[in-house]
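*Asks:* Listed below are the residues making up each chain.
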Amino acid sequence: MIANYGYKDGSGEYYISIDTDKCIGCAADRACLTACPKHMFEIITDDYDDEVAWVKKECTRALAYDCAGCKPAGGYTSLPCTTACTPGAIKHSW
Amino acid sequence: MNAEVAAATAAPEKKEFWRWQENTWFDESKNWKDAKIITCGIDVGSVSSQAVLVCDGELFGYNSMRTGNNSPDSAKNALQGIMDKIGMKLEDINYVVGTGYGRVNVPFAHKAITEIACHARGANYMGGNKVRTILDMGGQDCKAIHCDEKGKVTNFLMNDKCAAGTGRGMEVISDLMQIPIAELGPRSFDVETEPEAVSSICVVFAKSEALGLLKAGYTKNMVIAAYCQAMAERVVSLLERIGVEEGFFITGGIAKNPGVVKRIERLLGIKQLETKIDSQIAGALGAALFGYTLMQKQAAK
Numbered sequence: 001m002i003a004n005y006g007y008k009d010g011s012g013e014y015y016i017s018i019d020t021d022k023c024i025g026c027a028a029d030r031a032c033l034t035a036c037p038k039h040m041f042e043i044i045t046d047d048y049d050d051e052v053a054w055v056k057k058e059c060t061r062a063l064a065y066d067c068a069g070c071k072p073a074g075g076y077t078s079l080p081c082t083t084a085c086t087p088g089a090i091k092h093s094w
Numbered sequence: 095m096n097a098e099v100a101a102a103t104a105a106p107e108k109k110e111f112w113r114w115q116e117n118t119w120f121d122e123s124k125n126w127k128d129a130k131i132i133t134c135g136i137d138v139g140s141v142s143s144q145a146v147l148v149c150d151g152e153l154f155g156y157n158s159m160r161t162g163n164n165s166p167d168s169a170k171n172a173l174q175g176i177m178d179k180i181g182m183k184l185e186d187i188n189y190v191v192g193t194g195y196g197r198v199n200v201p202f203a204h205k206a207i208t209e210i211a212c213h214a215r216g217a218n219y220m221g222g223n224k225v226r227t228i229l230d231m232g233g234q235d236c237k238a239i240h241c242d243e244k245g246k247v248t249n250f251l252m253n254d255k256c257a258a259g260t261g262r263g264m265e266v267i268s269d270l271m272q273i274p275i276a277e278l279g280p281r282s283f284d285v286e287t288e289p290e291a292v293s294s295i296c297v298v299f300a301k302s303e304a305l306g307l308l309k310a311g312y313t314k315n316m317v318i319a320a321y322c323q324a325m326a327e328r329v330v331s332l333l334e335r336i337g338v339e340e341g342f343f344i345t346g347g348i349a350k351n352p353g354v355v356k357r358i359e360r361l362l363g364i365k366q367l368e369t370k371i372d373s374q375i376a377g378a379l380g381a382a383l384f385g386y387t388l389m390q391k392q393a394a395k
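Top to bottom, those sequences are chains W and G. Note that the numbering used here numbers the first sequence so that position 88 is 88, with each residue one more than the last. Note that the numbering used here numbers the second sequence so that position 107 is 201, with each residue one more than the last.
Because the hints were derived from the structure by calculation, they are not lab data. These figures come from a predicted structure and were not determined experimentally. For each residue, glycine too, the CB sits at the ideal point set by N, CA and C. Any given hint could turn out to be false.
Below 20 Å or equal to it, Euclidean Cα-Cα: the simulated DMTMM-like pairs (lysine to aspartate or glutamate) are [claimed, not checked]:
1. G:K255 / W:E13
2. G:K391 / W:E13
3. G:K205 / W:D49
Here are some of the chain W residues that sit facing chain G, going by a computed Cβ distance under 10 Å [as the list claims (entries may be wrong)]:
4. G6
5. Y7
6. K8
7. Y15
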């Protein structure tokens with residue numbers, strides 16, 4: 001399942017998508033949990049009883065601001081979350 | 095005081111143009127007492143609450159009403175509304191699944207499941223196993239969902255930050271225009287030329303833009319048409335983010351508004367699958383069906 005967390009507002013589209021099929025039996029040992037400086041990721045049991053990562057509810061409405069520090073302007077050349085997720089489950093839309 | 099004076103000094107009757115029809119239905123051709131497994135889905139949404147009863151995997155009845163300021167009470171009232179009509183008690187129900195915004199506050203629920211999974215399952219029942227793309231236009235959020243032939247979610251996207259493209263947005267316009275909400279859709283087609291969509295995607299700014307259009311000489315019907323078009327464009331952009339597959343189905347209250355539905359179909363170039371079941375109960379129906387599957391699994395163990 002591709003789960004898209006985020007929103008679209010007047011300034012643009014801000015979605016983090018997680019391919020939960022790649023989360024099951026994570027090959028990166030859940031590295032996303034510690035890679036994100038804001039600790040936005042969390043492991044949950046989804047509606048189909050799979051243990052997968054999701055973006056915490058309280059973070060989904062502020063991605064444009066919370067993720068800004070990890071974008072090139074913040075000094076990063078690549079996003080810590082997508083780099084840590086070696087199975088390639090995490091993507092940013094912006 | 096004579097009648098004329100009394101009428102002139104009486105407080106004006108406050109009409110609630112936004113108020114949509116609450117309803118209760120059950121299948122009179124069946125007797126719930128004949129069912130082996132009775133499951134219930136309770137969808138406590140931000141604007142409406144529904145209770146759906148499923149007997150042996152088939153829809154038996156439902157009650158749809160406005161959500162109050164207390165989620166547990168809204169859940170209880172929704173279920174009581176249908177149980178009173180058919181002489182059922184809570185003990186007669188084998189399994190209850192809560193869903194929606196207030197799903198964790200359904201006191202008698204055995205399990206809570208997200209509305210995304212429940213809407214996909216409900217749409218699969220209502221529109222058949224050809225349903226692949228679901229647009230749920232809820233009271234205060236909007237969801238685009240892809241599912242497989244069994245109604246399992248394969249891709250989803252939700253926008254709950256902005257009220258544009260939601261039922262609440264339509265209620266605001268209904269009140270502003272002082273036209274009952276059920277009439278907005280048909281009236282949006284009663285225009286000589288289709289106006290441009292209102293440009294604002296924010297409900298608050300759309301309201302002030304609508305007022306500006308009225309001042310500029312637009313008829314009420316033209317303003318409604320412009321708003322319906324804006325809402326359609328808004329949700330289509332949401333849908334396009336996950337892609338649109340054939341087998342399109344709309345759930346939620348806005349599915350009853352042809353002014354928005356037909357404009358969405360026009361923009362996408364596809365027709366939605368038809369159903370005779372109330373589009374607002376999709377989430378609760380899906381929850382009840384999940385309950386039925388869980389009961390079957392338990393029985394098989």
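*Asks:* All hints are to be evaluated individually against the structure, with a verdict given for each.
*Replies:* Hint-by-hint comparison with the structure:
Of the pairs offered as hints, the one joining K255 (chain G) and E13 (chain W) holds, with about 12 Å between alpha carbons and a cut-off of 20 Å not exceeded. For the hint pairing K391 (chain G) with E13 (chain W), the CA-to-CA distance comes to about 41 Å; that exceeds 20 Å, so the pair is violated. With a CA separation close to 12 Å, the supplied pair K205 (chain G) and D49 (chain W) stays within the 20 Å bound. This hint holds: G6 (chain W) has a C-beta 8 Å from the nearest C-beta of chain G, less than the 10 Å allowed.
Using the Cβ-Cβ criterion of 10 Å, the hint placing Y7 (chain W) at the interface with chain G is satisfied: the shortest such distance is roughly 4 Å. Contact between K8 (chain W) and chain G, as hinted, is supported at the beta carbon level, the nearest pair being about 6 Å apart and thus within 10 Å. At about 7 Å, the closest approach between the beta carbon of Y15 (chain W) and any beta carbon in chain G falls short of 10 Å, and the interface hint on this residue holds.
Of the numbered hints listed earlier, the single one contradicted by the structure is hint 2.
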